[in-house]
Structure formats: structure tokens, C-alpha cells
Amino acid sequence: MTVLSVEGLSKTFDVHVLDDTQVVGLDGVSFNVREGEFLAVVGESGSGKSSLLKCLYRTYDPTDGRVVYHGDDEVDLATCDDRTVMALRGTAIGYTSQFLNEIPRVPAVDVVARPLVEQGTPAETARGRARELLQALSVPAELWDAYPATFSGGERQRVNLAQALAPDPDLLLLDEPTSALDPETRREAIDLLETALGQGTTVIGVFHDTDVVAAVADRVVVLDEGRIQAVLPIEEFDGEVVR
Amino acid sequence: MAKETTSQHRDESTGGGTPVPTDSVDAALSAVETDGLSGYNYAYLDEHTKREVRRSMLKAVAIPGHQVPYASRPMPLARGWGTGGIQASLSLLGPADTLKVIDQGADESVNAANIRRLAENTAEVATTTDTTKADLIQSRHRIPEEVLTDDQRLVLQVPITDALRKVDPSDAANRRRHAHKNYGKMWVHLYENVVEYGEINIASRYPTMVANRYLMDPSPIPRWDVPKLDDANHLTILAAGREARIYAVPPHTSVEPLAFEDRSFTVERFPEQACHACGSTDTYLVEVSEEPGTTAGDDDTAASFETRYACNDSSFCAKRRENPNLPKDHHLDRSGVDWGPATPDGGENA
Amino acid sequence: MTLLEASAVETIYGPGCPDCLDATGDRAGTNQCPRCGTVVACAEADLDVAEGEVLGIVGESGSGKSSLAEALALERDPEATVNGEVSYAGHDGNLLEVDYQTRHDLRSRDISLVHQHIRDGLDLEFTGGGNVAEKLLSAGWRSYEDVRMRVRELFEETEIPVARMDDPARTYSGGMQRRVQIARALATDPDLIVLDEPTTGLDVSVQARVLDTFRRVQREEGVAAIVVSHDLGVVRLLADRTLVMRHGRIVESGLTDRVMEDPHHEYTQTLINSVI
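Protein chains in written order, with the working numbering: chain A, 1 to 243; chain B, 1 to 350; chain C, 1 to 276.
Treat the hints with care, since some could be wrong.
Residues on chain B that point at chain C, a partial pick, calculated with CB under 10 Å [to be verified]: (1) 167; (2) 176; (3) 179; (4) 183; (5) 186; (6) 188; (7) 194; (8) 270; (9) 272.
Just so you know, these hints were derived from the structure itself, not from any lab.
C-beta atoms are modelled at their ideal positions from N, C-alpha and C, and glycine is treated no differently.
Given only the sequences and the hints, what does the whole structure look like? Please build it.
See below:
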């Protein structure tokens with residue numbers, strides 16, 4: 001069953017501050033994502049991987065095309081109103097980027113619990129779930145009540161990942177969530193992702209590391225200069241990101 | 001220009017006035033009675049002024065608790081000594097009326113005597129110290145212990161008109177608050193009072209809602225007297241000379257001291273105390289310190305003073321000395337009159 | 001569900017003339033009418049706020065963001081002429097036309113304003129607790145114990161030391177005073193809180209904690225908010241949706257992350273790029 005159909009998705013930036021230069025981010029991207037599937041997006045730096053995820057999450061306004069999400073209702077994420085996007089973000093679609101964007105001086109456990117609290121989960125229940133996730137990602141217990149701003153890059157990324165997984169979304173968009181992790185922690189993060197996947201979560205992820213792609217992905221979307229180069233089953237993916 | 005003889009007055013502006021022999025105050029006053037009043041209108045104020053004051057009073061009666069401005073005139077006594085009260089009294093008095101004036105509960109104080117004399121001399125009214133015989137009572141600090149009736153009018157002298165000034169010195173802002181019945185700040189004052197003292201601890205000028213609409217400063221009467229204004233039979237006029245404002249509590253108007261549901265308004269209590277003169281335990285008592293009567297020796301030490309309690313209402317105290325069981329509503333042909341705290345029921349006390 | 005909906009809100013200072021709207025705004029590059037001198041503080045403002053949602057309004061000083069927020073928060077500047085239509089779920093009719101009494105009732109119970117300047121919002125001679133209590137007492141609370149308990153609860157919720165509850169507000173630090181303002185705004189469980197420049201006058205280290213407290217309480221209570229700030233960081237942290245204002249007009253609006261990461265309007269791009 002298809003969860004997401006991306007049809008002719010394009011994104012052009014009008015950069016007024018640079019003499020109205022037009023920058024093409026995505027150009028006619030189309031692919032489908034099946035329920036429970038783990039789709040990796042690969043490509044060189046600047047090929048449009050992050051732009052694709054941001055268009056799917058509507059952090060970028062797509063210039064053209066459709067992004068049909070087959071949830072309870074069929075919604076075109078490229079054109080639906082802001083409130084529909086907000087409602088889906090709260091429950092069905094999760095997103096995490098390389099960087100943790102959080103208020104300083106909020107304890108890690110509350111950072112992870114926040115999406116649950118926002119959905120209406122009682123604060124203590126949400127914190128309990130947050131501790132489970134931090135535990136699973138091997139964040140040392142003594143850090144749970146400390147502020148992520150003081151953490152190492154790897155620790156912060158794990159907090160970030162835990163936060164993305166906390167609300168148990170149907171569709172999870174991951175933008176290089178493991179880039180700063182050491183191999184061992186990365187392994188744990190991947191295990192956790194696979195567990196999430198086992199529970200029916202669909203993942204679209206951008207990974208820095210072809211090992212991770214090989215380990216977790218079912219299919220691979222290869223991007224180059226904003227266009228789809230290939231969509232391959234993982235078995236056919238040789239690790240070459242361009243051509 | 002008359003030459004100053006034995007006068008120690010500093011007033012030298014005798015040009016145009018009546019030369020007064022000033023051997024004594026009494027001599028001066030008797031001179032005023034014979035000559036000085038010619039040319040003055042009945043009841044000192046001219047008729048237009050009195051009419052204006054009465055119009056303001058009518059408006060005040062129509063809007064209970066609301067402060068009505070009036071053109072307060074200079075009076076032959078200093079502002080702050082009852083100039084508002086005397087203007088109200090003089091505007092109401094007629095030759096058939098009997099006036100009582102009390103200051104701090106006593107008829108004999110200098111200030112009360114002066115005001116009484118002014119009314120006597122200019123309005124030709126009879127005066128009394130007996131609350132029950134007065135048609136009009138002018139008072140500062142107290143409402144008499146004896147129940148007032150629907151034939152009587154009470155004029156209270158008011159130094160500060162606006163209860164809200166305690167919480168905000170801006171009269172303009174306070175007028176807006178009154179207009180919109182916005183008394184939040186006064187409630188905060190009560191709240192902080194309870195925080196600080198565990199109870200509402202406001203000695204006098206207790207903020208009071210009139211007819212569930214306007215917040216009123218009931219003048220410096222003790223809390224003891226505030227409940228007497230609620231659903232009273234008599235009319236109360238509150239008049240301020242310096243601030244030129246008149247407000248009123250008409251008969252049978254609800255008067256409710258501000259209080260919390262769980263921190264109620266309480267009146268002063270005098271546990272285990274009785275008036276040393278008449279033995280009353282149901283009247284508003286004040287502490288009096290007196291030198292022991294016999295010796296006139298070293299009075300520097302506190303031990304040479306004796307603290308006793310006495311009725312503040314001296315006229316009623318005199319009656320109680322005659323008849324210790326006299327109820328506060330003895331002059332009424334009914335019993336069970338609710339009049340202030342601890343009012344003995346006429347039937348039970350008879 | 002829509003809580004508040006505003007259309008064609010405008011606040012002007014001056015006599016006004018038929019050219020005022022055309023001669024001001026983003027394209028004209030000014031908020032002052034060149035013909036009659038009228039200052040069009042904000043105009044043609046359409047917006048809506050859903051229950052529990054946080055709307056950010058950003059812009060530089062003079063952009064009209066505070067004028068717009070004040071109109072929505074029922075603040076009235078006697079010097080200004082305010083037009084337009086604001087409907088609110090808890091009231092029949094145009095909020096811009098309510099009388100004093102209705103305005104007072106709405107401000108006591110439904111719509112709270114946290115003033116930019118602490119002195120406009122607090123009586124510093126009252127205790128911190130008294131300032132919060134005032135909101136409850138004005139709304140008709142008459143049980144001392146209930147008021148006391150609610151004030152204590154709000155102090156805990158907004159992380160003000162309860163031990164300082166009965167000290168005069170003037171003895172509080174700036175951050176604590178701001179928290180008292182927030183506690184006061186929350187006291188009667190309003191539907192909407194308008195925060196005007198919530199970080200003004202606070203140290204950077206204090207700002208973050210105050211914002212975090214507000215965000216947590218806002219989410220827990222499900223109260224909607226309009227946050228006005230010249231600081232993009234404040235809006236990024238608090239707001240679900242954001243309006244960008246310039247020369248008295250809304251020039252761009254959208255999801256906060258979209259406005260920040262994919263700004264469409266030239267001015268917004270400049271604004272984002274000027275942030276270090």
C-alpha cells in the first residue's frame with residue numbers, strides 16, 4: 001500500500017537578496033513510498049536531498065507538483081493549508097534534522113517528551129517514554145536531566161532522534177540523524193530505527209553513510225542536481241551516489 | 001483702625017470688620033451675638049449656597065455612595081475641622097430643629113462646642129446632647145449608640161472622600177474605577193492585609209459597598225459603627241469641605257463592608273472589658289489614661305497612670321449610669337432592633 | 001477551531017485621507033501618508049488564531065506589530081483610530097467595538113495581555129502574589145483561601161519561588177517580574193494571551209528560561225497566544241505560525257519553520273539573512 005505519492009515535485013528559490021536569482025532545488029521529482037518501507041535518499045552534497053525532505057514536511061513551499069499523503073484522508077502536502085500540515089506534524093509525520101533546535105536549559109528528558117506533551121500525553125507518562133528512548137539510544141542516565149546544549153554532538157543527535165521517535169509517527173523523515181555518531185552508537189540508532197520500522201513506521205531518510213543505507217534501507221532514491229537519477233531496490237544499489 | 005489692646009490675636013485685618021473687645025473669648029462671642037450677626041443670612045450661608053448643597057445631597061441620595069461635587073464655601077472654621085459637615089447641617093436646619101454635635105463621641109469637645117454654637121447663633125436652632133431628642137446629628141468618628149430613627153438625619157464629617165485613594169493616589173483613575181465598579185485594587189489591599197495579619201486589619205475608613213454598586217469610605221468611624229449604616233432607618237449624609245464632595249446612604253440601603261467569604265468583616269472587640277463609669281459591655285469602648293486623682297507627684301513613670309476603658313459615646317454613658325440596663329432602642333416602641341454589634345434586645349433587657 | 005479572526009484591522013494616527021492606504025505600506029516604503037501626514041501604524045491586516053495555537057508577529061520597530069497586537073488584545077489608545085473587524089469565539093460582535101465594561105470582562109477572563117514594559121502590567125508596590133491575585137479578585141473570586149491557593153499554584157507553574165510570594169514586586173528581579181506577568185495573565189485560564197516583546201529588558205540567560213516556562217505552560221494549558229517580537233529567535237521557539245510585518249502591512253505569513261527557512265518576500269529574506 002502506498003503511503004506517499006510524490007508527483008512532479010519542484011522547488012525553485014527566488015533569492016531576492018541576490019538580484020532575484022532563481023535557484024533550482026528540485027526539478028520534477030516523482031516516486032512512491034510504500035507503507036512500512038525504509039527509503040533512503042542519496043546523492044552528492046547539493047543534490048537536493050534535504051530540500052526534498054523539507055518539501056515533504058512543508059518547511060519548504062513546493063513550487064510545483066503534488067505530495068499526496070494517504071493517511072486517514074488523502075492530503076496533498078504540497079498545497080494543503082498550514083493547519084492541516086500542523087495537525088499531521090503533531091501526530092502522523094515526524095521530522096528530525098542534523099541539528100537540535102531547542103530552547104537552551106531544557107532537560108533532555110523534556111526535550112524528548114515535548115512532542116508527546118503537545119499531543120496531550122500527561123507530562124509524567126511522556127517523560128517515562130522519553131527515558132525509555134534515551135535508554136535505548138544509550139544516552140547515559142546522568143544526562144537525562146541535563147541540558148542538551150552542553151552535550152557532545154553525538155549525544156545531542158541521539159536526543160534528537162529520540163525526540164523524533166517519541167510520538168511514534170506513521171511517517172518519519174530523517175535528515176542525517178546519525179552523522180555525528182560513533183560506529184557503536186550508530187549501530188544502536190539503527191537498531192532503534194529498525195524497531196520503529198518493525199512497528200509499521202515508514203521512513204524516508206537521508207544518510208551520510210552508505211553503510212547505514214545498506215543496513216537499513218529497502219529502496220534507494222538517487223538524486224542529482226535536483227532530479228531523480230534512479231530509484232533502486234537496495235540489492236541493486238552499489239554505493240555509488242552519482243551516475 | 002481700632003487699636004489692639006489686650007488682644008493676643010495676630011489677626012490685624014480689622015479694616016471693614018466689626019471691632020471686637022477681646023478681653024476673653026466669651027466676651028468676644030457675646031459681642032458677636034449682639035452685633036456681629038447683623039448682615040449675616042439665616043444659618044450663615046446664603047440661600048443660593050444652601051440650595052446648591054441641598055441639590056447635591058438630593059443627587060447623592062439618588063445615587064447612594066456616589067461622590068457628588070458641590071461648591072464648598074469658606075467657613076469660619078479651618079478646613080479639616082468639619083467645614084463640610086457644618087455646610088451640610090446648616091443647609092438642612094430650620095428654626096424648629098434640634099441639633100446635636102459630637103466629636104470623638106463627646107458633645108463637650110471644643111470642636112463640637114464651636115460647631116454647635118455657630119449653628120445656635122446663626123440658625124437659631126435648639127441644641128441637645130441627647131441623641132434621641134435630636135433632629136439632626138453632626139458627628140465625626142462615631143455613630144451614636146442609641147438607634148437612630150427615620151425622623152433623624154446624621155451628618156458625618158469626612159476628611160478623605162475616596163476609599164480607593166488608599167490603593168491609588170490618582171483621583172482621575174479612581175473615578176474611572178468607580179464608574180466601572182472596578183474595585184480589583186481594593187480587593188488586593190484586603191488580600192495583602194490578610195497575608196500580613198491573618199485577618200483584615202483596617203482600623204477605620206473601612207471600604208464599604210453601598211447598594212452593591214459604589215465603594216464608599218464611611219469616614220473615620222470605627223468598624224463597630226459601619227454595620228449600623230446597613231438598612232438603617234435614618235438618612236446619613238457624608239460631607240467633605242476640603243474635597244468639596246457630598247455622598248449619602250439613604251434609609252434602607254444595603255451597606256456591605258468588603259470581606260472575603262472565608263475572612264469575614266469583624267468589629268472591634270473588648271474582651272473582658274466594661275466601661276469603668278457605667279459598666280456597659282455592649283458599647284464601643286476607648287482606653288483612657290488618667291493620672292490617679294489624689295497625688296500630683298512624679299508623673300514621669302507609666303505606673304503613675306492608670307489605663308481604663310470608658311464608653312466613647314458620653315451622652316449614652318450618662319444615661320447608662322442612671323439606668324445600667326437601658327437598651328439602645330429604649331426610645332422605640334419596638335424591640336429586637338438590629339443596631340451595630342452586641343445590641344441587647346429591648347425585651348430581654350427590660 | 002478558530003478562536004480569533006481579524007479582517008482589515010487598521011490603526012491610524014491622524015486625520016486620514018482617501019490616499020492613506022495606497023500611499024503607505026510595503027510598496028510605498030513608508031507608513032506615513034505623504035499627502036495628509038497620517039501615520040498608518042497598521043492596515044489591511046487579516047489573520048486568525050486557532051484554539052491552543054501560537055501565532056508569531058515579527059518585524060522591526062515601527063512595523064505595526066505592536067499596534068496590531070494591541071488592537072487584538074483590546075488595548076485602546078485614545079489617540080488612535082482603530083477600524084476593522086475582530087471576532088472572537090467567546091463574544092458576539094466586533095471586539096474592536098466593545099464598550100468599557102465588556103472589554104474589562106473580556107480582559108479579566110478571556111484575553112490577557114503581557115505588556116512589554118513591566119511597569120504597565122504590574123503594580124510594583126503590591127506583592128508579587130497580590131499582582132496575580134488582582135486578576136482573580138477582579139474576576140470575582142471572593143474566597144481568600146481559593147485565591148491564595150491559585151496564586152501559589154501559578155507561582156509554582158511559572159517557576160517563581162513561592163517563598164517570595166508575599167514580597168513587594170519591586171524587590172523581584174526582571175525575570176521574576178516577567179514571570180509574575182505571565183502568572184497573572186494565566187490566572188483566570190484565558191483562551192488567548194498576547195505577549196508583547198516578552199524578552200524586553202531581560203538578560204539573555206534569563207530570556208531562554210522565561211520563554212521555556214511560557215512555552216511549557218502554554219502547551220499544558222492549551223492556551224492560544226500571539227507573540228510579538230522583533231527577535232526571530234523568540235518567534236522561532238514559540239510560534240506555530242508567523243506573520244512578518246513591515247511599514248504597517250503583513251508582507252508574509254506561514255508556518256514558522258517555512259517562513260524562517262523558505263522566506264518568499266524580499267524583506268523576510270533580508271530579515272532572516274541579517275540574523276547572525
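So, going through the hints one by one against the coordinates:
no.: 1; hint: 167; result: holds, 8 Å
no.: 2; hint: 176; result: holds, 8 Å
no.: 3; hint: 179; result: holds, 8 Å
no.: 4; hint: 183; result: holds, 8 Å
no.: 5; hint: 186; result: holds, 9 Å
no.: 6; hint: 188; result: holds, 5 Å
no.: 7; hint: 194; result: holds, 6 Å
no.: 8; hint: 270; result: violated, 26 Å
no.: 9; hint: 272; result: violated, 29 Å
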